[in-house]
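Taken in sequence, the protein lines are chains A and B.
So the number in our numbering is just where the residue sits in the first sequence, counting from 1, plus 1.
So the number in our numbering is just where the residue sits in the second sequence, counting from 1, plus 1.
These are computed hints drawn from the structure, not numbers from a lab.
Check before you lean on any hint, since a few could be wrong.
Which copy? The list can't say, so a pair holds if one copy fits it or any two copies do.
[Stated by the list, open to error] Simulated pairs of lysine-lysine, DSBU-like, Cα-Cα distance not exceeding 35 Å: (1) K24 with K86; (2) K253 with K286; (3) K157 with K86; (4) K86 with K183.
Protein chains: 2
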Amino acid sequence: MALIVTGTIGIDTVYTPAGHAEKILGGSGTYFAAAASFYGPVRLVAAVGEDFPPDHRALFGKFPSIDLGGLETRKGSRTFAWGGKYHANMNSRETLFTELGVLAEPPPPVPQGYRDSRFVFLANTHPGVQMGMLEQLPQRAICVADTMDLWINTAKDDLLALLKRVDGLVLNYDEAELLTGKSNSVTAGRHILDLGPRFVVIKKGEHGALIVHRDGIAALPAFPTEQVIDPTGAGDTFAGGMMGHLASANAKDPGEFDTLRRALVHGTVVASFTIEAFSLDRLLKLTRTQIGERYDEYVRMVRV
Amino acid sequence: MALIVTGTIGIDTVYTPAGHAEKILGGSGTYFAAAASFYGPVRLVAAVGEDFPPDHRALFGKFPSIDLGGLETRKGSRTFAWGGKYHANMNSRETLFTELGVLAEPPPPVPQGYRDSRFVFLANTHPGVQMGMLEQLPQRAICVADTMDLWINTAKDDLLALLKRVDGLVLNYDEAELLTGKSNSVTAGRHILDLGPRFVVIKKGEHGALIVHRDGIAALPAFPTEQVIDPTGAGDTFAGGMMGHLASANAKDPGEFDTLRRALVHGTVVASFTIEAFSLDRLLKLTRTQIGERYDEYVRMVRV
Chain A
2 MALIVTGTIG IDTVYTPAGH AEKILGGSGT YFAAAASFYG PVRLVAAVGE
52 DFPPDHRALF GKFPSIDLGG LETRKGSRTF AWGGKYHANM NSRETLFTEL
102 GVLAEPPPPV PQGYRDSRFV FLANTHPGVQ MGMLEQLPQR AICVADTMDL
152 WINTAKDDLL ALLKRVDGLV LNYDEAELLT GKSNSVTAGR HILDLGPRFV
202 VIKKGEHGAL IVHRDGIAAL PAFPTEQVID PTGAGDTFAG GMMGHLASAN
252 AKDPGEFDTL RRALVHGTVV ASFTIEAFSL DRLLKLTRTQ IGERYDEYVR
302 MVRV
Chain B
2 MALIVTGTIG IDTVYTPAGH AEKILGGSGT YFAAAASFYG PVRLVAAVGE
52 DFPPDHRALF GKFPSIDLGG LETRKGSRTF AWGGKYHANM NSRETLFTEL
102 GVLAEPPPPV PQGYRDSRFV FLANTHPGVQ MGMLEQLPQR AICVADTMDL
152 WINTAKDDLL ALLKRVDGLV LNYDEAELLT GKSNSVTAGR HILDLGPRFV
202 VIKKGEHGAL IVHRDGIAAL PAFPTEQVID PTGAGDTFAG GMMGHLASAN
252 AKDPGEFDTL RRALVHGTVV ASFTIEAFSL DRLLKLTRTQ IGERYDEYVR
302 MVRV
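The whole structure should be built from the sequences, with the hints applied where relevant.
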């Protein structure tokens with residue numbers, strides 16, 4: 002079933018304790034689409050500037066099935082650029098610079114041919130823009146949105162309006178606290194359910210994730226790994242693996258608790274590869290067989 | 002099979018965002034023994050002062066099977082007292098005061114009748130004292146020690162000597178980093194295995210625990226709970242549930258990877274009750290049936 006993601010494409014410069022990389026391909030839509038493409042076709046709606054390097058564009062073609070029909074290249078505009086530096090424990094980072102470029106302009110429209118998309122992921126951007134995307138996708142079977150502290154602080158009304166329209170929300174645990182004023186993740190999750198969604202996925206980085214769903218709660222540790230080179234994109238590929246699996250599994254009710262739980266294991270596994278190298282470097286070498294092997298390894302690690 | 006714990010008995014004063022309680026029963030040996038007693042008899046080796054209140058002493062008798070034959074009451078000495086205050090998120094705390102009392106004196110001996118103990122837990126204290134206890138227990142089948150930042154900073158040589166003699170070590174993730182200089186928990190765990198133990202249990206509080214064992218790695222989320230009143234004793238009851246289960250299961254090889262993993266689920270479950278009230282209040286009302294029900298609930302929450 003058709004999966005669509007609306008998000009950003011960025012040119013990242015990243016410093017981590019393991020090294021640094023300049024002007025590499027990044028962005029929420031990029032990471033999401035790369036991860037989801039291992040499960041089936043994924044439609045990407047995003048904009049870049051005239052400066053977007055052909056080498057970066059070519060990388061999308063190296064993944065199984067990323068449809069770039071919704072990628073708009075804007076003359077006279079510049080691609081979103083971001084620089085960040087991770088702290089010693091890789092759990093926190095500071096932003097070195099942000100050049101909004103096309104992100105400061107109106108968002109790209111959803112192409113007519115994409116309007117039948119059933120599985121919808123609204124990667125992190127202004128909730129008003131996310132709402133505009135959602136409204137262009139009337140045939141959605143499930144719609145999940147990501148958000149961040151910036152929008153909770155600056156566009157809360159838009160976010161609250163969006164929450165009444167989506168099936169699921171994905172956000173970090175500190176953002177869940179910021180949104181609800183509740184420091185306990187379970188309490189924060191339940192509070193968010195009261196705002197509209199059927200489920201919320203609370204991400205805790207190296208500590209895994211929690212699903213708070215109207216039908217239950219599930220806790221998933223992250224894949225315990227020693228090889229952390231660059232955490233950038235972990236959250237977006239987590240969502241990509243999750244939604245990619247949902248779209249490929251094509252369950253009658255994709256928002257059902259047990260279906261989601263299995264999908265989150267896929268997200269956890271794909272994200273664990275992402276962080277093993279800068280940018281998409283590890284995902285470019287990834288195979289479905291490797292995903293399956295690590296899935297089995299994860300199940301062995303968490304079984305009780 | 003006989004389980005023994007050497008640890009502290011304290012009189013605690015605790016402030017948490019949920020309230021406060023003064024001069025309540027606490028201490029590592031206390032919490033451990035209370036938790037382990039749900040699984041079978043547990044021998045407690047500890048000392049208190051002449052000031053130890055009869056009401057506190059009576060509480061031990063309210064648990065299924067805590068053997069106080071190793072509890073020494075010292076004339077002219079005072080019981081260890083500790084005061085602490087938890088921060089808003091319950092994840093960190095500051096010590097308000099510490100009155101060592103009997104802890105500044107020589108440790109109590111292991112009674113002759115306890116020297117056949119097979120399951121040994123050395124709760125947190127100076128590693129030199131832990132070594133002295135271990136040497137009085139020649140028939141041990143498995144010996145697990147807890148430690149903390151204080152000893153890593155002030156008695157590292159003693160701790161390193163102890164690590165060559167124990168089967169397992171239990172410590173917090175930040176203490177694992179302090180001991181090894183490795184911020185990645187898996188890497189830190191492997192490093193600790195090189196120092197002697199067959200396994201290390203790295204505790205991450207509300208984020209659960211990681212077992213790094215010579216035969217594999219397991220990740221266990223904490224039980225997701227909204228009811229956190231006082232986190233004091235969570236780690237000690239986690240260890241108590243773990244060792245209590247091991248002693249009751251009486252496996253041929255209690256340090257075997259899968260046996261330990263099951264034991265840690267018991268530790269996780271018992272600890273989740275501890276934090277629902279101050280001191281031993283929740284454990285005093287706990288039943289084996291409730292432990293079994295939450296065990297099943299936990300398994301449902303973490304199954305993949």
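Homomeric proximity label, K86 with K183: Cα distance no greater than 35 Å: Answer is both: 28 Å inside a copy and 19 Å across each meet the 35 Å cutoff.
Under a CA distance limit of 35 Å, which applies to K24 and K86: within one copy, between copies, both, or neither? Within one copy only: 14 Å inside a chain, 46 Å across chains, cut-off 35 Å.
Could you figure out if K253 and K286 sit no more than 35 Å apart (CA to CA) within one copy, between two copies, both or neither? Result: close within a single copy only, 33 Å intra versus 44 Å inter.
Taking 35 Å as the upper bound on the Cα-Cα distance, should K157 and K86 be classified as within, between, both, or neither? both (27 Å within a copy, 33 Å between copies)
The structure agrees with every numbered hint stated previously.
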